[in-house]
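Build out the structure end to end from the sequences listed, making use of the hints.
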Amino acid sequence: MNYISKLPGFFAKISLPVIAAVSMSFGISMTSCSTFNPSEFSVQGMSVIYPDYMDVTVPQGIAPLNFMYTGKVANPVTEFSAGDVRHTIRGREVSIPASKWKALCDAAVGGAISVKSSNPDTSWCIYVSPDKIDYGLNYRLIEPGYEVYSKMGIYERELATCNQRPLIENTEFNGCVNCHSYNRADPNDFSLHIRGMHGATLIRHGGETVAYNTKTPETIGSCVYPYWHPSGKYIAYSTNSTRQGFHVDSEKLIEVFDSASDMLIYDIENNSLVTNDSLSLPDYWETFPAFSPDGSTLYFCRAAKKEIPGGLKDVRYNLCSVSFDAESGRPGTDVRVLVDAEAEGYSISFPRPSHDGKYLIYTRSDYGNFSIWHHEADLYCLNLETGESRQMSEINSPDTESYHSFSSNGRWMVFSSRRDDGLFTRLYITHFDENGCATKPFMLPQKNPAEYYTKLFFSYNVPEFVSAPVEMSHHDNQRIIRSKERKQMSFRLYFFGKY
Amino acid sequence: MTKTEKIICSSLSLLTFIGAFLFFRLGYPYHIHYQEQCQLFQFTTEYFASVAGVPGGLADYISRFLVQFFYYADAGAFVLAALILAVWLLVFFILPKRTLVSFAASMLPALSIFVFLLDENALLGPVVSLVISLAFSLLVGKIRSGRYQFFIALLLIPVLYMICGPVAVVFALLSVRKEYLWANLIILAFALSCPFLFYIKGNYPLSRLFTGVHYYRYHNVISLWQWLSVLLVVVIHALSFVRLPQIGKKSVSIVALTIFLTVGAAATYACVNVADFKKEEMMAYDFMARYRMWNKILAMASKKNPDNPTTVSCLNLALAKSGKMADQMFDYFQNGPDGLFPAFQKECFSPVPTSEIYWHLGMTNACQRYVFEAQEAIPDFQKSGRLYCRLAETNHINGDTGVCEKYLKALDNTLFYSGWARGFRANADKFPDYQALKSFRKTSEDYLISESEMYSMLGLLYLQDKENDMAYDYLMAYTLLIKRLDLFMDCLKLKDFRIVPKHYQEAAILFLYEKQVSQDDIPSFIDPQIIRRFLSFVGDYSANMSIQQLEAKYSGTYWLYYYFRYKT
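Chains as they are written, first to last, in my numbering: chain Z, 1 to 499; chain F, 1 to 568.
Since the hints were made in silico from the structure, they are not lab data.
One thing to keep in mind: the hints can contain errors.
[As the list claims (entries may be wrong)] Chain Z is nowhere near these chain F residues, computed Cβ spacing over 10 angstroms in every case:
#1 I8
#2 T262
#3 K346
#4 Y447
#5 D469
#6 I522
#7 F564
[Said to hold, decoys possible] Residues from chain F shown here face chain Z by an in silico Cβ test under 8 angstroms; the list is partial:
#8 E46
#9 G202
#10 E376
Ideal Cβ positions, reconstructed from N, Cα and C, are used throughout, including at glycine.
Below you can see the structure in the form of structure tokens.
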């Protein structure tokens with residue numbers, strides 16, 4: 001029943017957007033790209049084990065994929081074998097000793113660990129890729145809420161073990177930490193944004209960490225969504241005026257949207273924020289920058305400005321690119337639309353090019369740009385040579401897939417997904433090959449994943465690979481953040497690259 | 001001490017305990033519930049590790065363990081009174097000379113703790129820390145050998161710092177002996193170096209390691225009362241070594257009596273002037289709204305008119321839930337739509353009673369937002385048993401069973417909410433309330449919640465389910481409170497009445513009067529008595545009758561609100 005049409009005239013003046021129920025376009029389909037896992041994969045939640053590690057592909061040196069049998073199973077016996085290495089575990093909770101797991105992985109590199117279960121009578125493989133993965137992951141842990149935040153921080157997880165350590169937490173200062181980014185997993189080049197009374201953007205480059213004030217009189221707000229230029233000389237940001245709305249419908253809870261946004265390039269050496277009028281058009285919103293691996297192209301998302309919140313459901317971001325001159329540090333004006341999402345009735349966020357420059361992974365949702373709150377959000381792979389996009393059905397789920405990033409060698413991709421329970425974002429890692437194909441992803445391993453993830457009330461935000469431990473001193477952070485000293489970024493606008 | 005003095009001391013201790021118990025139980029019970037509401041004590045190793053891993057963590061863990069019993073005000077009052085008494089007696093027992101005067105003087109730190117505990121943001125951790133530190137001082141004081149005393153004190157200082165946090169400095173200071181100068185210096189230096197040792201770990205600024213990681217709900221606030229109690233302990237202990245001139249027994253009694261009376265007067269002053277009874281009232285309304293004590297709310301409001309958005313909104317909720325809103329809401333103080341939906345504040349108290357309103361209205365997402373935000377706003381990053389229950393409910397209503405189960409599993413680990421969680425699992429699908437709320441959720445349209453467009457949202461809410469009488473009551477009340485009689489008259493047509501409620505009749509006649517409708521055209525649903533009374537009101541109002549006189553003559557009418565309250 002459409003109540004709106006039945007309303008007395010005086011209700012019709014409601015100025016809020018009436019958002020049609022979102023149809024979830026999801027389907028598991030088999031693809032031809034099966035580098036390591038030719039067998040069928042099962043949808044998360046239908047597996048007999050939790051997490052669903054059946055037929056996943058893992059890197060050598062990953063922490064043991066411990067799991068638990070779901071449902072009522074009596075005295076299961078699980079047998080792992082690879083080459084001459086065998087290991088048997090009894091019981092519902094399968095916790096593989098680190099040394100045994102290492103031996104199994106070593107024996108299975110380029111092949112698979114065979115896993116047999118007696119009860120239920122089933123078997124599966126764990127494929128072990130010869131492609132290395134980085135040292136660890138950095139991510140933010142925060143409760144998936146609305147405007148107010150409790151304890152949170154940026155944490156580092158070693159991938160070879162289940163060890164996690166805080167890099168920075170809001171017990172150390174008043175505020176929250178969010179957008180963090182590394183230059184191709186290099187822990188020596190990072191950008192980290194802090195909000196609140198100690199607001200600043202911390203940039204580490206050349207061994208020095210500096211707190212910046214990125215807001216200038218000419219820009220909308222602080223710099224967010226950072227992406228490093230491969231040379232390490234520039235960081236692309238967007239500056240956004242972001243607001244929140246709250247749905248009345250049970251399908252969605254929160255809507256986060258921009259009412260203004262522009263693109264900016266920060267030139268570290270000259271301490272200047274640079275943009276041109278083609279990246280800050282008054283009738284468009286530009287956001288989510290990402291440099292190509294060779295640094296000559298800047299990808300970003302752009303949407304035609306709409307009245308907010310009334311026109312929210314019509315906000316659709318296209319995937320665009322523009323040339324970038326790494327010598328002068330200036331973006332070009334030759335903006336191209338790579339994927340005309342608006343024409344097809346959907347919206348794009350978080351473009352991330354693969355490190356070989358052949359593909360670009362993006363998140364697609366029905367509208368807007370804050371895809372994490374969109375259950376229909378899925379990952380898509382754009383072939384930059386053919387211009388064709390395909391839904392990455394091998395890694396998507398019926399629920400949200402959103403933020404994603406590549407390892408330093410480009411062969412592994414981590415992404416966040418809400419497939420576990422529909423709210424709390426968990427991390428999944430997939431192998432990404434030179435043909436643009438991904439393998440069935442595996443959930444970030446834990447010592448006792450069932451218990452750990454049940455008790456964890458945090459969501460994982462913005463996962464980024466790091467090639468080595470981040471050297472971040474709590475004392476230095478506290479000193480820098482709590483001090484009032486901020487280096488002010490300057491601003492330069494180029495009109496069509498001339499001024 | 002003589003036998004008589006011992007009896008006096010015992011009697012005074014007992015009286016103080018009873019007095020403190022009665023004050024907290026009868027005068028401050030909702031503060032006790034509020035303390036419990038701001039935490040979620042779980043019997044898990046992870047919870048223990050997360051709490052006990054910081055300086056003062058073990059005392060904090062013990063205090064949280066105790067605070068979970070604040071679920072019952074009796075137990076809470078008992079714990080608070082017992083802690084106050086424990087501080088008093090421990091201070092007394094560590095003093096070298098036990099006299100009536102020293103017994104009286106020992107009350108001072110306990111008095112300071114009492115005042116500290118009147119603050120709703122004061123945590124029990126520093127009090128437990130003080131009790132533990134004093135208990136260790138007492139035990140170490142029993143060691144005869146000064147050398148052993150020194151080494152054991154040295155050993156205990158970092159241990160106590162870890163258990164109690166910086167309040168443990170009281171142990172170091174009480175270990176000071178005038179005959180061992182170097183030992184004293186070592187002890188004090190060791191005590192002061194403890195925060196630096198833990199600073200190396202780096203998770204907390206040095207200032208917090210010196211003032212307490214978790215002594216107060218706001219980490220950037222240092223409670224002077226709590227530290228005054230520590231100072232008083234040290235000063236009283238030091239003074240007890242001072243040789244005073246010999247005075248007669250009578251004089252001793254007078255001095256002791258003077259101290260007792262002074263402390264008693266100070267405690268009474270604190271009860272009256274430091275205790276925040278305004279907040280106690282707000283917490284009372286919230287508590288009663290939580291447990292659906294609608295009649296109690298109405299009785300409380302009848303005794304004293306609520307006058308701030310939180311209390312008025314709870315009253316209006318009680319009126320709506322009792323089916324009396326349309327007839328009686330203007331019998332009470334009203335001052336704008338904030339009395340229906342208090343504006344959202346980023347703090348941990350006021351959104352909670354507001355979330356109750358959204359819950360009963362069937363605006364489950366709005367309720368969930370308020371509950372979640374309130375919990376996130378708890379300044380010391382704790383969670384709340386009450387709010388976890390509600391989050392489990394909202395997620396159940398929304399069909400997010402996985403998330404609901406996550407909250408229930410956390411509640412399984414608690415003493416007082418695990419039964420609720422079990423009952424919820426067993427019966428959630430049968431609860432009529434949940435069925436009704438689920439039916440309110442069955443909307444085919446979606447929109448973004450906007451507090452500035454409450455009128456439209458309430459209208460939609462009612463039209464989506466005309467069984468939702470509360471939505472209609474709130475819709476009408478909203479139009480009346482914002483004085484939009486045109487909207488009110490439109491909404492009046494949405495429902496059929498056998499007898500139109502009193503306030504609706506009052507608003508209708510007012511609207512028609514302002515539209516200059518002739519008496520013949522006044523609809524029949526307006527009682528002739530109300531028409532007569534309104535005409536009388538108009539006459540008096542036109543004759544410039546004073547507000548006080550009008551209020552006396554026309555109290556409980558919408559007309560008074562319309563002309564004298566809430567300037568739009």
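**Prompt:** Does F/E46 pass the interface hint, meaning its C-beta sits closer than 8 angstroms to a C-beta of chain Z?
**Reply:** Cβ of F/E46 sits 6 angstroms from chain Z, so the hint holds.
Fill in: Hinted contact F/G202 with chain Z - closest CB pair below 8 angstroms
holds, 3 angstroms
- Task: With chain Z as the partner, please determine if F/E376 meets the hint condition of a C-beta pair closer than 8 angstroms.
- Result: holds, 4 angstroms
If I take the minimum Cβ distance from F/I522 to any residue of chain Z, is it greater than 10 angstroms? At roughly 23 angstroms from the nearest Cβ of chain Z, F/I522 sits farther out than 10 angstroms, so the non-interface label holds.
Requested in this report: Could you check that no beta carbon of chain Z comes within 10 angstroms of the beta carbon of F/F564?
Outcome: Since the minimum Cβ distance to chain Z is about 27 angstroms, F/F564 lies beyond 10 angstroms and the statement holds.
Quiz prompt | Status of the stated non-contact between F/Y447 and chain Z (beta carbon gap over 10 angstroms) | solution = Check fails; 4 angstroms does not lie beyond 10 angstroms.
Checking the smallest CB distance to chain Z, is F/K346 really beyond 10 angstroms? violated, 5 angstroms
Taking 10 angstroms as the cut and beta carbons as the points, is F/D469 off the interface with chain Z?
The claim holds: F/D469 sits with its nearest Cβ about 18 angstroms from chain Z, beyond 10 angstroms.
Original post:
Going by Cβ atoms, does F/I8 stay more than 10 angstroms from chain Z at every point?
Top reply: holds, 48 angstroms
- Message: A cut-off of 10 angstroms on Cβ-Cβ distance, and F/T262 was said to be off the interface with chain Z. Does that hold?
- Response: holds, 40 angstroms
The structure does not agree with the numbered hints 3 and 4 stated previously, though it agrees with the rest.
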